[in-house]
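Peer 1: Take a look at the letters that make up each chain.
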Amino acid sequence: MSVELWTWTMVFLTFGLYVGIGIWARVRETEGFYVAGRGVPAVANGMATAADWMSAASFISMAGLISTLGYDGTIYLMGWTGGYVLLALLLAPYLRKFGKFTVPDFVGDRYYSQTARVVAVLAAVFVSFVYVIPQLVGVGTVFARYLGVPSVTGLWVGVAVTALFAVLGGMKGITWTQVAQYTVLITAYLIPGFAIASILTGNPIPQLALTFSDITERLNQIQVELGFTQYTQPFQSFDMLNILLITACLMFGTAGLPHVIIRFYTVPTVKDARASAGWALLFIALLYTTAPAIAVFARYNLINTLHGKTFEEVKQIDWVAKWERTGLLRFVDKDGDGKITVAPGRAFNLIPGTNRPDFNSPNEKSKNEVFINNDIIVLATPEVAKLAPLIIALVAAGGLAAALSTASGLLIVISSALSHDLYYRIINPRATEAQRLLIARFGILVAVLIAGYFGQNPPGLIAQLVAFAFGLAASSFFPAILLGIFDKRTTREGAIAGMVVGLVFTASYIIGTSYFGMPRWFFGVSPEGIGTVGMLLNLIITYTVSRLTPEPPKEVQELVESVRIPRGAKEAHYH
Amino acid sequence: MDKAKAEAYWRANITLIRNLLIVWALVSYGFGILLVNLLNNIKLGSLPLGFWFAHQGAIIIFVILIFIYASQMNKIDQQFDVHE
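Chains as they are written, first to last, in numbering that gives the first Met the number 0: chain A, 0 to 574; chain B, 0 to 83.
Because the hints were derived from the structure by calculation, they are not lab data. Hints should not be assumed to be uniformly reliable.
[Unchecked claim] Covered stretches of chain B, going by a simulated chain A footprint (3 or more residues, C-beta under 8 Å):
(1) 0-10
(2) 47-61
[Said to hold, decoys possible] Reference excerpt, derived from the structure (chain B facing chain A, CB under 10 Å, subset only):
(3) Val26
(4) Gly31
(5) Asn36
(6) Asn39
(7) Asn40
(8) Ile41
(9) Ile65
(10) Phe66
(11) Met72
(12) Gln78
(13) Val81
Ideal Cβ positions, reconstructed from N, Cα and C, are used throughout, including at glycine.
Using the sequences and the hints, build the whole thing.
Peer 2: Okay, here's the thing in structure tokens:
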């Protein structure tokens with residue numbers, strides 16, 4: 000059977016499974032829709048959180064990015080995992096004890112203010128919306144290559160499936176679908192990892208192969224021969240300050256992302272919330288410790304497959320021909336010797352104002368003759384290593400699972416922010432359960448259609464959009480929730496001032512430096528890392544303003560005391 | 000629950016969180032970034048140690064930290080009789 004046929008089969012089977020689970024777990028009451036009836040076991044919630052969290056960026060892009068960044072890729076590795084320690088220790092158990100439905104619920108109640116609630120709703124919707132767009136683009140990329148349809152068609156197929164089971168199932172359906180999606184995506188990631196590790200090093204465990212075989216030493220040596228710096232050499236793409244700030248921004252952003260936080264509302268007890276954060280990170284770590292190994296294998300294999308070969312020879316390789324057609328892989332013979340040179344620098348000049356290469360304009364300043372889009376590295380690696388078509392199809396299904404599971408988690412946040420926090424808590428407190436569910440489902444539909452439109456015409460680079468989402472989450476929610484639990488004296492005036500300043504500072508720096516040519520005036524900090532500064536600013540302002548304003552009412556101080564004690568979490572949400 | 004006991008429980012909680020966060024910061028920002036060049040003079044298997052912390056070690060330690068937190072907190076909950 001061909002790769003394409005296998006892919007169709009695999010995608011059909013897995014999608015059927017997801018939709019089946021969505022229909023099986025259909026819900027009719029709001030508690031089931033928003034927090035899965037609070038009956039999710041800790042291990043299952045860990046898997047669902049892992050699938051929710053690991054998006055197209057983790058599955059499709061990350062190993063490719065690390066592969067080109069070398070050591071500096073640690074910003075993603077440590078940044079996207081370290082936040083779970085913060086979540087587990089500082090937020091998850093207390094938010095579970097608080098026991099409402101959404102993040103704006105906590106902010107609104109803790110800060111006894113509808114203004115604070117509205118700020119939180121706006122931030123939650125914006126962060127989730129910005130983050131859902133790249134997921135849909137990821138779906139489009141996978142379909143474009145393996146199903147041989149245009150990426151726009153792939154995008155809308157993905158939109159339809161996501162909408163179908165998110166609308167039907169709500170959080171309950173999504174939770175169990177995400178458990179299935181985690182299983183698909185981790186299998187799809189690990190099997191090629193095992194296979195390539197065995198082929199290249201003789202040791203099938205990628206993590207051990209990376210540390211104990213000589214593969215990285217060999218890669219370091221080849222890199223130096225071709226004029227690159229050593230793969231393991233730190234601070235080549237970013238200086239130390241930026242590495243520190245970007246890593247921190249991704250960590251604190253992770254801990255502030257509403258779609259991750261609300262997963263801890265779905266378990267029965269505080270004890271389960273703590274354990275489930277551990278399970279989540281364990282399941283995430285399976286992929287995140289495999290990724291740096293795959294990055295090294297992929298780079299080693301690609302250089303060996305391409306460098307010094309003739310163009311005719313390379314173009315006969317099946318995967319090269321197919322990826323070339325998508326425009327994500329291109330060659331140019333600059334020195335006219337008929338052979339491919341891999342070297343530092345860009346093969347092509349960029350289209351002005353974008354990060355996309357202009358294939359009609361070879362960059363004469365570099366000897367490099369190959370352009371490879373980072374996003375194809377994970378998808379192409381099994382083919383580069385000549386693995387069976389079944390495994391290649393599995394990787395495609397895994398990429399789709401990663402993108403769809405995150406997209407549906409984000410859509411639930413958007414719809415609950417609109418129907419629960421905005422409509423029910425602010426506009427119409429007398430709304431019936433049926434009305435609220437209708438608005439929630441309608442909200443998902445509208446959100447996914449708008450996100451699909453933006454996925455078709457992205458308002459900026461995907462990496463910028465993701466940086467935007469993390470920077471905003473770190474600089475808005477994290478301090479408000481942290482101080483809300485750990486500092487009884489924090490007042491509504493403090494929290495609102497902090498959130499607004501954090502958001503405005505971070506958003507204007509990112510928009511200014513990315514789109515309006517503003518210099519990186521804050522110690523040369525890149526827009527990806529500025530969220531850390533916005534978060535510190537938020538903390539300082541919240542703390543100071545809180546000390547200057549009257550202390551919070553007695554019942555709010557009692558609320559803070561009660562979230563600190565685990566007992567009674569099962570009952571907490573009924574009063 | 001009386002006030003003194005609640006405060007003692009909260010103090011035990013804060014101490015545990017503080018200690019674990021010190022380790023968290025040390026393995027990631029400390030060993031993985033600030034001291035990376037120094038640690039790269041040492042090898043773990045065939046990898047420079049600083050690089051290993053940045054790409055593998057810190058992540059493994061993060062997982063262990065959360066499970067230590069969960070089990071220690073369960074003990075503290077029992078000790079202060081606030082468990083569910």
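Peer 1: Under 10 Å, Cβ to Cβ, is where Val26 (chain B) needs to be relative to chain A, so tell me if that hint holds or is violated.
Peer 2: Check passed: Cβ of Val26 (chain B) comes within 9 Å of chain A, closer than 10 Å.
Peer 1: At least three residues with a C-beta closer than 8 Å to a C-beta of chain A: is that true for the stretch 0-10 of chain B?
Peer 2: holds (count 4)
Peer 1: Under the criterion of a CB-CB separation shorter than 10 Å, is Asn40 (chain B) in contact with chain A as hinted?
Peer 2: With Cβ-Cβ at 12 Å, over 10 Å, it is violated.
Peer 1: With a Cβ-Cβ cutoff of 8 Å, does the stretch 47-61 of chain B contain at least three residues near chain A?
Peer 2: holds (count 11)
Peer 1: Does the closest beta carbon of chain A sit nearer than 10 Å to the beta carbon of Gln78 (chain B)?
Peer 2: Cβ of Gln78 (chain B) sits 12 Å from chain A, so the hint is violated.
Peer 1: Answer holds if the nearest beta-carbon of chain A is closer than 10 Å to that of Val81 (chain B); otherwise answer violated.
Peer 2: holds, 5 Å
Peer 1: Is the hint on Met72 (chain B) kept, meaning its closest Cβ partner in chain A is under 10 Å away?
Peer 2: This interface hint holds because 6 Å falls under the 10 Å limit.
Peer 1: Should the hint that Asn36 (chain B) touches chain A count as held when the rule is a Cβ pair under 10 Å?
Peer 2: holds, 7 Å
Peer 1: With 10 Å as the cut and Cβ atoms as the points, is Ile65 (chain B) at the interface with chain A?
Peer 2: holds, 4 Å
Peer 1: For the hint on Asn39 (chain B), does the least C-beta distance to chain A fall short of 10 Å?
Peer 2: Check passed: Cβ of Asn39 (chain B) comes within 7 Å of chain A, closer than 10 Å.
Peer 1: Does Gly31 (chain B) meet its interface restraint, that is, does its C-beta lie within less than 10 Å of any C-beta in chain A?
Peer 2: holds, 6 Å
Peer 1: May I ask you to test the interface hint for Ile41 (chain B) with respect to chain A, counting a Cβ-Cβ separation under 10 Å as satisfied?
Peer 2: This hint is violated: Ile41 (chain B) lies away from chain A, its Cβ roughly 13 Å from the closest one there, beyond 10 Å.
The structure shown violates the earlier hints numbered 7, 8, 12.
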